[in-house]
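Participant: Chain residues, written in single-letter form:
Protein chains: 2
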Amino acid sequence: MTEIKLGIAGLGTVAQGVLALIRRNGVLMTQRSGVSLRVVRIASRREKPEVDLMGARFSTDLDDLLNDPDVDVILELIGGEGVALDLIRRALASNTPVVTANKAVLAAHGNELMSGSGKQLLRFEASVAGAIPIIRSISDGLAANRLQSLFGIINGTCNYIFGEMEANGTPFDEVLAEAQRLGYAEADPSFDIDGVDAAHKLTILLALGFTGEYDLSAVHIEGIRHVTVADIQFAKELGYRIKHLGIIQNTDVGVEARVHCALVPSNALLANVNGVMNAVQVISDGAGETLFSGPGAGGEATASAVLSDTLDLGKRMATAADKEDSAAKGDMAEPSVIAPAILPMTDVSSANYLRIPTQDRPGVFAQVTQALSEFSISIDAAIQHEASASQPVVDIVLLTNAVVESAMNAALERLQGLDIVAADIVRLRVAPAL
Amino acid sequence: MTEIKLGIAGLGTVAQGVLALIRRNGVLMTQRSGVSLRVVRIASRREKPEVDLMGARFSTDLDDLLNDPDVDVILELIGGEGVALDLIRRALASNTPVVTANKAVLAAHGNELMSGSGKQLLRFEASVAGAIPIIRSISDGLAANRLQSLFGIINGTCNYIFGEMEANGTPFDEVLAEAQRLGYAEADPSFDIDGVDAAHKLTILLALGFTGEYDLSAVHIEGIRHVTVADIQFAKELGYRIKHLGIIQNTDVGVEARVHCALVPSNALLANVNGVMNAVQVISDGAGETLFSGPGAGGEATASAVLSDTLDLGKRMATAADKEDSAAKGDMAEPSVIAPAILPMTDVSSANYLRIPTQDRPGVFAQVTQALSEFSISIDAAIQHEASASQPVVDIVLLTNAVVESAMNAALERLQGLDIVAADIVRLRVAPAL
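Sequence lines, in order, name chains S and A.
For the first sequence, the working numbering assigns the number 21 to the initial residue and increments by one for each residue that follows.
For the second sequence, the working numbering assigns the number 21 to the initial residue and increments by one for each residue that follows.
Since the hints were derived computationally from the structure, they do not count as laboratory data.
Warning: the hint list may mix true and false statements.
What the hints assert, rightly or not - Under the rule of at most 30 angstroms between Cα atoms (straight-line distance), these lysine-lysine pairs were calculated in the DSBU-like manner:
| no. | chain 1 | residue 1 | chain 2 | residue 2 |
| --- | --- | --- | --- | --- |
| 1 | S | Lys139 | A | Lys25 |
| 2 | S | Lys256 | A | Lys256 |
| 3 | S | Lys25 | S | Lys139 |
| 4 | A | Lys139 | S | Lys25 |
Start from the sequences, fold in the hints, and give me the full structure.
Facilitator: The following block contains the structure:
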């Protein structure tokens with residue numbers, strides 16, 4: 021049995037989840053892994069914490085974690101790019117392994133942190149999709165495969181909001197307010213509902229499975245604010261559910277990386293991932309279609325991933341002859357190969373859902389299809405319900421064939437300018453065949 | 021870079037999948053893991069194979085694998101308990117790591133093989149659910165959790181058959197014949213459709229996540245032959261789909277381990293796993309509900325899992341100072357703890373679906389419910405369609421409350437004996453709340 025002494029930075033819900041799991045399952049973990057985890061030091065700006073620190077020393081100075089010679093592994097559970105980034109940098113520089121749940125710092129500084137010994141010393145299973153062991157599934161479980169594509173529901177807030185809009189017909193703003201009340205959305209929800217959080221996670225998956233480069237700027241980012249209950253209902257009528265997806269596709273001409281709403285066929289497994297759950301579907305050349313789902317957030321769910329990394333590091337430190345031999349401390353798979361080119365969003369092809377609010381006049385449908393045909397866009401399905409006195413504006417809903425983004429954008433500009441179009445057109449992409 | 025020299029036993033679809041993946045993705049695997057895989061020897065009873073052996077020596081004598089000093093790791097891809105068991109035993113005795121896809125040998129001999137150095141030397145990701153990295157997800161990804169329950173669609177043949185019966189209303193016998201023609205079912209289908217294959221896999225999951233003991237006899241086994249298209253349709257009307265499940269539940273009074281058909285709510289993720297796909301849902305105290313799905317069989321899908329184990333062994337051998345140091349060769353998590361008691365099937369509680377073919381006479385429904393109430397069984401839902409001249413036998417379909425197996429069995433015997441009951445009653449359990 022090897023004892024691994026932990027220093028924990030932060031004392032929020034994830035850190036408290038780590039303490040709770042060690043307290044409850046510590047004996048079980050040791051029986052399974054031969055590694056005994058002991059928390060020796062906790063540092064947090066929060067004074068006099070009310071949680072049981074399990075005998076760990078406490079301080080409000082993060083430097084104490086770095087200076088304590090007892091600390092074998094640091095768990096960085098502060099989040100964000102400020103002091104957390106500084107702590108990770110200094111720990112790696114002093115050859116101390118770090119386990120983090122911090123997606124923002126990896127998305128922005130992954131190339132730096134994973135260079136040199138970082139590859140062996142830094143673990144981040146908890147940074148993507150909470151409890152789901154997606155990092156190790158890609159790095160190890162699918163290590164023999166070439167990844168072809170990845171589709172992820174990686175923001176639970178967005179998925180919860182769409183679910184409530186669909187179930188109860190409640191408008192976006194009301195559902196968002198309720199989600200904030202329940203703690204599923206932040207007071208400032210922009211990070212989640214404008215797609216930034218999902219883009220951070222997709223950046224990590226992109227580096228790990230496809231390009232080897234952490235490059236947030238390569239990801240096209242859209243949120244969910246423009247989707248209405250009507251869109252969800254029209255999509256259902258067409259046999260789809262609307263999901264906010266992270267999508268990566270390896271194509272002959274480059275890698276697509278994008279975060280946006282997409283129509284997913286109702287009978288696809290991914291369409292049936294509900295509430296705040298996350299899921300990542302990976303399609304690879306040998307293993308085929310694999311899907312991993314689970315809670316994407318929450319104290320103990322995230323702590324489960326943090327501790328899986330910690331136990332793995334511990335097992336490797338136990339087998340390594342010398343604790344100072346950093347090569348033996350870990351072996352996170354190197355990201356793959358020469359980075360292929362990222363495809364600009366304008367070159368990505370998608371089928372599209374269009375909801376076009378129009379004046380109820382004869383010949384409107386023909387004008388719309390005529391405008392689309394000028395851009396060589398054809399129509400695979402259409403819905404138009406009858407107008408009524410109370411509803412003088414009629415939605416024309418179309419599914420187009422697959423068309424390159426630049427052409428669709430030009431067509432949309434043209435359509436929006438037609439005088440029969442009564443309000444903003446809503447455009448959503450259809451997910452590539454899952 | 022470390023070169024790992026492989027000896028492969030068998031040259032069937034999985035072995036050919038291993039060769040294909042190494043040929044196609046070998047460079048990628050080395051870039052990711054630092055391990056280079058070279059196949060140096062293949063042994064198979066098949067003479068003059070027509071596949072590209074990638075320069076490996078070939079022989080028809082398995083002993084050559086054991087006697088070749090070049091072989092670092094043996095891939096046992098023969099299957100079954102005969103020569104495969106003997107090969108694994110002898111390899112482990114000589115301290116050679118073995119990767120196997122053989123569920124039968126683990127279910128029957130897991131305790132022996134995983135004792136002593138087997139724990140470090142024997143890997144078997146491919147033995148359960150093909151491409152899905154479920155073994156490492158339980159052993160490593162969820163290592164910090166206490167597992168509460170597990171629900172698995174772990175036989176693709178059964179899942180395919182139910183899917184076809186549902187989609188086209190085709191009777192069981194016809195679907196089975198078609199599945200045999202397509203290669204989804206064996207010429208002798210009993211192993212799949214009577215639940216034995218699923219029980220082998222569940223035995224491995226039971227040992228790994230719950231009891232630490234490989235004990236096939238602890239698993240209650242039922243197949244799918246008794247399910248008709250009518251049952252699938254009635255279940256749908258009640259809001260369920262019928263799946264053949266492996267179920268493990270940790271209860272206060274013991275561990276339930278059972279393989280049988282079960283009604284799963286139609287909106288549950290598990291209900292939407294279709295065709296020959298497999299899926300395993302694991303519920304644990306920290307990570308909550310996690311689900312892993314993917315192809316459960318197929319040459320390259322299974323090879324993906326075999327190679328994930330092989331690369332992992334290779335990485336550990338690379339970091340170990342001494343190749344002979346068996347402790348460093350691997351570190352498959354030890355199964356957990358003191359084995360808890362397995363609950364006898366008679367003590368398991370389930371809600372039940374009953375389809376009772378009855379004579380169309382007044383008072384029949386009352387007689388049925390009266391008989392059930394004598395065993396304190398109440399009814400949560402019922403369907404009875406009108407009789408017709410062409411259909412003088414009427415199905416009464418009931419969902420019962422949760423009731424202990426022994427009481428349900430006694431009630432069924434009583435019901436079957438009623439003179440109004442016109443044919444065999446079909447009884448299916450409802451899956452525990454997912």
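Participant: Are there hints from earlier that the structure breaks, and if so, what are their numbers?
Facilitator: none
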